[in-house]
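Construct all of the structure, not just a fragment, from the sequences and the given hints.
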Amino acid sequence: MAETKDSTAAHIVEIPVEQENHTQNLMISVIQHHPLRQISESSGHLLLLKLWQRDEHLFGLRIGRRETKMESLKQQIFQLCCFFFLFHALSLTLLYTSSDPIVCKKWWVPAVVIGATSGVFVIVVQLKLWMYWKARGQLQKEKTENRALTRCVQELRMKGSCFNLSKEPQIGNRMKSSSVEIKWGPLTWFSRNFITISLLGFSAIIFVTSKFILCGF
49 MAETKDSTAA
59 HIVEIPVEQE
69 NHTQNLMISV
79 IQHHPLRQIS
89 ESSGHLLLLK
99 LWQRDEHLFG
109 LRIGRRETKM
119 ESLKQQIFQL
129 CCFFFLFHAL
139 SLTLLYTSSD
149 PIVCKKWWVP
159 AVVIGATSGV
169 FVIVVQLKLW
179 MYWKARGQLQ
189 KEKTENRALT
199 RCVQELRMKG
209 SCFNLSKEPQ
219 IGNRMKSSSV
229 EIKWGPLTWF
239 SRNFITISLL
249 GFSAIIFVTS
259 KFILCGF
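Numbering (the numbering used here), first residue to last: 49 to 265.
It is possible that some hints are incorrect.
Claimed, not checked - If you anchor each label on the Cβ, the simulated ranges turn out as follows: (1) I245 with T145: 29 to 37 Å; (2) L95 with T236: 40 to 48 Å; (3) L134 with K98: 52 to 60 Å; (4) F135 with K182: 21 to 29 Å.
None of these hints come from the bench; they were simulated from the model.
Because the structure is a prediction, the values reported are computed rather than measured.
Where is the CB? At the ideal position from N, CA and C, for every residue including glycine.
In structure tokens:
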């Protein structure tokens with residue numbers, strides 16, 4: 049029996065109570081000083097965090113709708129261009145099969161009809177392009193505002209109750225990079241209206257060509 053008691057006592061491990069209490073106190077202190085805990089205990093910081101999170105969600109919804117609208121406009125512009133060239137292909141085919149000396153005297157009639165129809169196509173395409181570039185500008189603005197808001201939310205979560213409640217997202221001011229981008233106005237305008245310019249040029253060529261198709265070279 050004595051040997052059994054000695055062997056049992058040999059397996060007893062003493063755990064330092066002071067070290068365990070110190071670890072628990074340290075964990076409690078870390079939790080109490082955690083920024084999110086501080087925010088939850090401060091009504092002002094908690095309300096600000098909820099408001100900014102709601103704004104982030106709304107920005108995400110608006111950005112998604114804007115991107116969907118831009119994709120739809122691109123598809124519409126592509127379809128209009130396809131219909132434009134299909135119309136001219138059919139028109140040229142009809143002009144070629146209708147070439148006659150009598151019709152040649154009034155060559156300007158089909159030319160005007162083709163030109164007017166082309167003008168309608170060009171106006172609609174230009175309207176869609178204007179809507180597309182407007183939506184793109186609004187999308188870039190909303191993305192900039194969303195990034196500024198996200199930075200403020202991250203800063204609030206990191207600082208906790210030390211965050212200044214009077215601080216607002218710097219929406220209007222864009223961060224200046226070391227490399228300054230030079231925007232050339234005419235080149236930007238040309239790139240945005242390249243499709244319209246191409247359609248106008250093609251329509252002018254068809255208008256002139258219609259006389260030679262009806263009357264011969």
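Here is what the structure says about each hint:
| no. | hint | verdict |
| --- | --- | --- |
| 1 | I245 with T145: 29 to 37 Å | holds (31 Å) |
| 2 | L95 with T236: 40 to 48 Å | holds (43 Å) |
| 3 | L134 with K98: 52 to 60 Å | holds (54 Å) |
| 4 | F135 with K182: 21 to 29 Å | holds (27 Å) |
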